[in-house]
Amino acid sequence: MTDIQHTDAEFIVETGANSSAGEEAMNDAKTEFVAGEPTSAQLEDEGDIAADYIEEFLDICDIDGDIDIAARNGRAYLSVHASEDANLRLLSKPDTVNALQELTRLAVQNKTGGLSRLILDIGGSREARQAELATLVDRAIARIEEGAAQAALPPMSSYERKLVHDIVAERGYVSNSEGEGRDRHTVITAGA
1 MTDIQHTDAE FIVETGANSS AGEEAMNDAK TEFVAGEPTS AQLEDEGDIA ADYIEEFLDI
61 CDIDGDIDIA ARNGRAYLSV HASEDANLRL LSKPDTVNAL QELTRLAVQN KTGGLSRLIL
121 DIGGSREARQ AELATLVDRA IARIEEGAAQ AALPPMSSYE RKLVHDIVAE RGYVSNSEGE
181 GRDRHTVITA GA
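The letter at position 14 of the sequence shown is residue 14 when you use our numbering, and the numbering goes up by one with no holes.
Hints in this document: simulated from the structure, not taken from any laboratory.
It cannot be assumed that every hint is accurate.
[To be verified] Derived DEER-like restraints, expressed as beta-carbon distance ranges: (1) Ser-177 x Ala-99: 19 to 27 Å; (2) Asp-66 x Val-187: 37 to 45 Å; (3) Val-187 x Ser-83: 14 to 22 Å; (4) Glu-55 x Pro-94: 39 to 47 Å; (5) Arg-143 x Ile-60: 43 to 51 Å; (6) Ala-41 x Ala-131: 32 to 40 Å; (7) Lys-111 x Ala-190: 40 to 48 Å; (8) Ala-190 x Leu-90: 37 to 45 Å; (9) Ala-148 x Glu-55: 16 to 24 Å; (10) Glu-178 x Glu-55: 33 to 41 Å; (11) Glu-146 x Leu-115: 38 to 46 Å; (12) Gly-124 x Ile-60: 18 to 26 Å; (13) Glu-178 x Lys-93: 42 to 50 Å; (14) Glu-178 x Asp-95: 18 to 26 Å.
Note that the Cβ used here is the ideal one computed from N, Cα and C, for glycine as well.
Using the sequences plus the hints, can you model the full thing?
And the structure:
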């Protein structure tokens, strides 16, 4: 039996049987995860678990790639790169990278029991996507400068919206996320 209790500050997971011996086992098996910024050691562990998962995935697919692990801004970052003649480009499409990132996050969460905010980059796809987002922001700002009250961008992931918010702020404009679920998008305005 697994009992999961949730409070705003922590998750407590207890396992055991419904007997006095089971209660002792349950108290001994108690694991606690306190919410907040992960430690460097936790991010290292997350990166190692994710690297093992991606390495196994690449082996199954018979795709060559080297994996770099870094920790920045409270997140583990995994970068997969290879020489130009490698077939890694097959995995570097944005939707594919996002899907693999979610699978990798689930693998990390399964091993650690904690939420993963890992970022996966394959073949420079994140840099390419950031350049595309900067172009979208520039076009939206041009519409605002031509007289539009606001400009809405298409729906995107929370990570991409965060990148957009950073780009918009650098350009001196204001942005907000609107909508729910898959329809969540960024709206840019001139601000005050």
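(message) 43 to 51 Å was suggested as the range; check whether the CB atoms of Arg-143 and Ile-60 agree with it.
(response) Holds, at about 45 Å.
(message) Quick check: does the Cβ-Cβ distance between Ala-190 and Leu-90 fall within 37 to 45 Å?
(response) holds (42 Å)
(message) If I claimed the Cβ atoms of Ala-41 and Ala-131 lie 32 to 40 Å apart, would that claim hold in this structure?
(response) holds (34 Å)
(request) Could you tell me whether the CB distance from Glu-146 to Leu-115 stays inside 38 to 46 Å? (result) holds (42 Å)
(request) Look at the Cβ atoms of Gly-124 and Ile-60 and judge whether their distance stays inside 18 to 26 Å. (result) The hint (18 to 26 Å, Cβ to Cβ) holds, given that Gly-124 and Ile-60 are roughly 22 Å apart.
(request) Confirm or reject the claim that Ala-148 and Glu-55 have a C-beta distance inside 16 to 24 Å. (result) Once the Cβ atoms are compared, 47 Å apart, the range 16 to 24 Å for Glu-55 and Ala-148 is violated.
(request) Note whether the CB distance of Val-187 and Ser-83 lies within 14 to 22 Å or breaks it. (result) The hinted range 14 to 22 Å is violated for Val-187 and Ser-83, with Cβ atoms some 41 Å apart.
(message) I want to verify a distance hint. Is the separation of the beta carbons of Lys-111 and Ala-190 within 40 to 48 Å?
(response) holds (46 Å)
(message) Taking 33 to 41 Å as the stated bounds, is the beta-carbon spacing between Glu-178 and Glu-55 within them?
(response) Check passed, 39 Å falls within 33 to 41 Å.
(request) Could you say whether the range 37 to 45 Å given as a hint is met by the Cβ separation of Asp-66 and Val-187? (result) Check passed, 39 Å falls within 37 to 45 Å.
(request) Go ahead and decide if the range 42 to 50 Å is satisfied by the Cβ distance of Glu-178 to Lys-93. (result) violated (27 Å)
(request) Can you let me know if the beta-carbon spacing of Glu-178 and Asp-95 is within 18 to 26 Å? (result) holds (22 Å)
Going through the hint list in order, the structure does not satisfy hints 3, 4, 9 and 13.
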